[in-house]
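Peer 1: Sequences and hints are given; from them, build the entire structure.
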Amino acid sequence: MTQKRALYIVTSSYPEIAKRIFSEKLSLLFGNFEMVPVETFDVKTSQEFIRHKLGTIKMGEDLQNFLIDFTAGHPLYLNLILQKLINLSLMHKQEEIFSPILILAIENTLFDKWSLIGRQFDLIMQELCAGKGNRIFAPMLIALAEHKLKLKDLAKQLNMSQALFSPKITRLLENGIIEKHGHYFCIKDKLFRYWIKYVFHKKLKTIDLNINKLKSDFAQEINQLINNFKSNSTKDLSLRVKELLSCFDNESFNINGRRYKLPLFHDIAPWPGMPSPESFQVIKACCEEGSWFIVFKHESFSENDIHLFLKELRDREEKPFKCVMISLSELDPNARLKALQERVWIWDEEELKTFLNFYDKPFII
Numbered sequence: 001m002t003q004k005r006a007l008y009i010v011t012s013s014y015p016e017i018a019k020r021i022f023s024e025k026l027s028l029l030f031g032n033f034e035m036v037p038v039e040t041f042d043v044k045t046s047q048e049f050i051r052h053k054l055g056t057i058k059m060g061e062d063l064q065n066f067l068i069d070f071t072a073g074h075p076l077y078l079n080l081i082l083q084k085l086i087n088l089s090l091m092h093k094q095e096e097i098f099s100p101i102l103i104l105a106i107e108n109t110l111f112d113k114w115s116l117i118g119r120q121f122d123l124i125m126q127e128l129c130a131g132k133g134n135r136i137f138a139p140m141l142i143a144l145a146e147h148k149l150k151l152k153d154l155a156k157q158l159n160m161s162q163a164l165f166s167p168k169i170t171r172l173l174e175n176g177i178i179e180k181h182g183h184y185f186c187i188k189d190k191l192f193r194y195w196i197k198y199v200f201h202k203k204l205k206t207i208d209l210n211i212n213k214l215k216s217d218f219a220q221e222i223n224q225l226i227n228n229f230k231s232n233s234t235k236d237l238s239l240r241v242k243e244l245l246s247c248f249d250n251e252s253f254n255i256n257g258r259r260y261k262l263p264l265f266h267d268i269a270p271w272p273g274m275p276s277p278e279s280f281q282v283i284k285a286c287c288e289e290g291s292w293f294i295v296f297k298h299e300s301f302s303e304n305d306i307h308l309f310l311k312e313l314r315d316r317e318e319k320p321f322k323c324v325m326i327s328l329s330e331l332d333p334n335a336r337l338k339a340l341q342e343r344v345w346i347w348d349e350e351e352l353k354t355f356l357n358f359y360d361k362p363f364i365i
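So for the sequence shown, my numbering puts the first residue at 1; every next one is plus one.
These are calculated hints, taken from the structure and not from any lab test. Watch out, some of these pointers could steer you wrong.
[Unchecked claim] Only pairs whose alpha carbons sit at most 30 Å apart, straight line, appear in this in silico DSBU-like list of lysine-lysine:
| no. | residue 1 | residue 2 |
| --- | --- | --- |
| 1 | K44 | K58 |
| 2 | K242 | K197 |
| 3 | K132 | K150 |
| 4 | K180 | K197 |
| 5 | K242 | K319 |
| 6 | K113 | K188 |
| 7 | K242 | K188 |
| 8 | K361 | K180 |
| 9 | K44 | K188 |
| 10 | K113 | K197 |
| 11 | K361 | K205 |
| 12 | K297 | K319 |
| 13 | K230 | K197 |
| 14 | K132 | K188 |
| 15 | K188 | K202 |
| 16 | K44 | K297 |
| 17 | K230 | K297 |
| 18 | K44 | K353 |
| 19 | K152 | K113 |
[Stated by the list, open to error] Computed spacing ranges between beta-carbons, pair by pair:
| no. | residue 1 | residue 2 | range |
| --- | --- | --- | --- |
| 20 | G290 | N210 | 52 to 58 Å |
| 21 | Q220 | N304 | 44 to 50 Å |
| 22 | I255 | S216 | 35 to 41 Å |
| 23 | N250 | Q220 | 34 to 40 Å |
| 24 | E350 | N134 | 31 to 37 Å |
| 25 | D208 | P320 | 58 to 64 Å |
| 26 | I136 | T206 | 19 to 25 Å |
| 27 | L90 | D217 | 25 to 31 Å |
| 28 | D208 | E95 | 36 to 42 Å |
| 29 | W114 | M91 | 17 to 23 Å |
| 30 | S13 | E95 | 32 to 38 Å |
| 31 | Q162 | E16 | 18 to 24 Å |
| 32 | E16 | L337 | 30 to 36 Å |
Values in this document were obtained by computation on a predicted structure and should not be read as measured data. Where is the CB? At the ideal position from N, CA and C, for every residue including glycine.
Peer 2: This is how it looks when you write it as structure tokens:
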């Protein structure tokens with residue numbers, strides 16, 4: 001029997017399935033459950049968490065930011081890798097963490113057979129592939145780990161009919177393993193995608209299973225990811241934004257209940273001539289429907305920034321199809337209100353993370 005004066009706390013790694021069970025099967029017995037999603041950390045919180053966990057152990061900002069990007073700010077992943085970093089630093093008597101120790105920590109938590117994160121991912125794959133007709137999940141996720149795909153392209157790549165394929169896609173969506181944006185599907189968890197690509201797939205296709213060789217290859221892959229992240233981090237913010245805009249190809253995104261339709265731009269260029277001193281940058285991107293104006297800066301936008309940008313648009317008699325404000329810092333409430341009043345789209349950290357993950361690009365930190 002249920003007790004009237006009892007607090008029931010239920011945890012689940014599959015939020016969509018849990019929501020359905022609570023609403024359909026448990027609501028009459030227990031009443032309504034309050035859903036408390038465990039979200040990923042934002043960049044600022046991730047940085048504070050890393051510094052707190054490491055204590056007196058030093059770690060360069062570029063490696064900290066790589067770790068945030070690599071784990072997508074997931075608290076569990078960050079905590080486990082940081083704990084391994086602390087242990088390795090003490091073992092090797094190092095007061096500062098450099099790339100070799102970070103690569104070894106990632107290897108110990110992701111590659112090794114009994115590593116905590118790797119083992120969890122392996123159990124997910126075993127659960128998916130168990131039972132008749134379910135082995136197809138492995139090649140499905142391997143294909144999606146390489147790049148986003150439409151259902152018809154995924155079915156064609158695996159030589160299956162879409163009718164047989166659809167129930168498998170539905171299960172992956174319900175389990176929160178993949179997500180759909182427009183007609184495209186991609187793996188939701190960034191670290192799980194890395195594990196499939198650099199660990200699971202490599203072990204699956206290796207005949208002799210030379211663990212030392214696989215470990216060496218894995219370390220090289222992670223080192224390449226670190227170097228690529230550092231290289232992208234040195235690029236000017238305007239170039240990073242331009243590269244992101246150039247990826248758009250009429251995809252649709254649903255984020256926080258809002259639908260974003262991102263067109264194919266045929267011309268993307270800086271919008272010159274903003275009044276000095278320039279407190280922000282603007283890019284003009286042209287598509288069939290008209291011109292988009294994207295305004296962005298590293299620091300927080302002020303209400304005056306929005307006023308200045310909109311005034312410049314009116315003075316030059318521009319008629320934008322869309323105006324977008326990319327905010328990399330916490331947005332001033334008055335600036336947010338002003339932007340919403342003027343129907344300016346606000347892309348904050350969550351939107352940017354979704355877009356960059358979808359196009360397999362490192363976070364802008």
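Peer 1: Now tell me if each hint is right for this structure.
Peer 2: Hint check results:
1. K44 to K58: Holds - the C-alpha atoms of K58 and K44 are around 18 Å apart, at most 30 Å.
2. K242 to K197: Cα-Cα ~27 Å, so holds.
3. K132 to K150: holds (25 Å)
4. K180 to K197: holds (20 Å)
5. K242 to K319: Roughly 21 Å between the alpha carbons, so the hint for K242 and K319 holds.
6. K113 to K188: holds (23 Å)
7. K242 to K188: Given that 30 Å is the threshold and the Cα spacing comes to 24 Å, the pair holds.
8. K361 to K180: holds (18 Å)
9. K44 to K188: Roughly 22 Å between the alpha carbons, so the hint for K44 and K188 holds.
10. K113 to K197: holds (16 Å)
11. K361 to K205: holds (26 Å)
12. K297 to K319: Holds, at about 22 Å.
13. K230 to K197: Distance of about 21 Å is within 30 Å: holds.
14. K132 to K188: holds (25 Å)
15. K188 to K202: holds (20 Å)
16. K44 to K297: Between K44 and K297 the Cα gap is close to 16 Å, so the pair holds against 30 Å.
17. K230 to K297: holds (20 Å)
18. K44 to K353: holds (14 Å)
19. K152 to K113: violated (35 Å)
20. G290 to N210: 52 to 58 Å: holds (57 Å)
21. Q220 to N304: 44 to 50 Å: Roughly 49 Å apart at Cβ, these two residues keep to the hinted range, so it holds.
22. I255 to S216: 35 to 41 Å: holds (39 Å)
23. N250 to Q220: 34 to 40 Å: holds (36 Å)
24. E350 to N134: 31 to 37 Å: holds (33 Å)
25. D208 to P320: 58 to 64 Å: Cβ of D208 to Cβ of P320: about 59 Å, so the range 58 to 64 Å holds.
26. I136 to T206: 19 to 25 Å: holds (21 Å)
27. L90 to D217: 25 to 31 Å: holds (28 Å)
28. D208 to E95: 36 to 42 Å: Since the Cβ atoms of D208 and E95 sit about 40 Å apart, the hinted range of 36 to 42 Å holds.
29. W114 to M91: 17 to 23 Å: Because 18 Å falls inside the window, the suggested range holds.
30. S13 to E95: 32 to 38 Å: holds (37 Å)
31. Q162 to E16: 18 to 24 Å: Given a distance of about 22 Å, which is inside 18 to 24 Å, the answer is holds.
32. E16 to L337: 30 to 36 Å: Because 33 Å falls inside the window, the suggested range holds.
Hint 19 from the list above is the single one not met by this structure.
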